[in-house]
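Note that this note's numbering numbers the sequence shown so that position 44 is 44, with each residue one more than the last.
Source of the hints: derived by calculation from the structure; they are not laboratory data.
We put the beta carbon where it would ideally sit given N, CA and C, even for glycine.
Any given hint could turn out to be false.
[Unchecked claim] Pair by pair, the computed Cβ-Cβ distance ranges are:
1. G42 with N11: 44 to 54 Å
2. S41 with N11: 42 to 52 Å
3. L12 with G42: 41 to 51 Å
4. A18 with Q39: 44 to 54 Å
5. Q39 with V19: 28 to 38 Å
6. V36 with V15: 27 to 37 Å
7. T33 with T13: 46 to 56 Å
8. A17 with A37: 42 to 52 Å
9. S41 with T21: 38 to 48 Å
10. T13 with G42: 42 to 52 Å
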Amino acid sequence: MPIPPLGTNFNLTLVIAAVSTVLTLVSLVLMSTIEVARQRSGQGRLA
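My request is simple: use the sequences and hints to build the entire structure.
What follows is the structure in structure tokens.
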């Protein structure tokens with residue numbers, strides 16, 4: 001099964017979907033990390 005050339009609409013859609021998924025995962029991880037950091041530093045009560 002030959003690999004389609006770069007720049008096709010199919011690959012562009014895959015890239016956009018992959019980037020969106022990665023950004024969502026990164027956002028979730030960052031929010032979780034910040035929440036844990038707040039609780040550990042005792043500032044969670046102020047938020």
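Evaluation of the provided hints:
Taken as a hint, the range 44 to 54 Å holds for the pair G42 and N11, whose Cβ atoms sit roughly 48 Å apart. For S41 paired with N11, a C-beta distance near 44 Å keeps the hint of 42 to 52 Å intact. A C-beta distance of roughly 47 Å is found between L12 and G42, which places it inside the suggested range of 41 to 51 Å. The beta-carbon spacing between A18 and Q39, approximately 32 Å, falls outside the hinted interval of 44 to 54 Å.
Take Q39 and V19: their Cβ atoms lie about 31 Å apart, and the range 28 to 38 Å holds. Roughly 32 Å separates the CB atoms of V36 and V15, a value that falls within the hinted 27 to 37 Å. T33 and T13 have their C-beta atoms about 31 Å apart, which leaves the hinted 46 to 56 Å range violated. Between A17 and A37 the beta carbons are some 31 Å apart, a value that contradicts the proposed interval 42 to 52 Å.
The supplied range of 38 to 48 Å is broken by S41 and T21, whose beta-carbon atoms lie about 31 Å from each other. Look at T13 against G42: about 46 Å separates their beta carbons, and that is inside 42 to 52 Å.
Violated hints, in rising order: 4, 7, 8, 9; the structure is consistent with all others.
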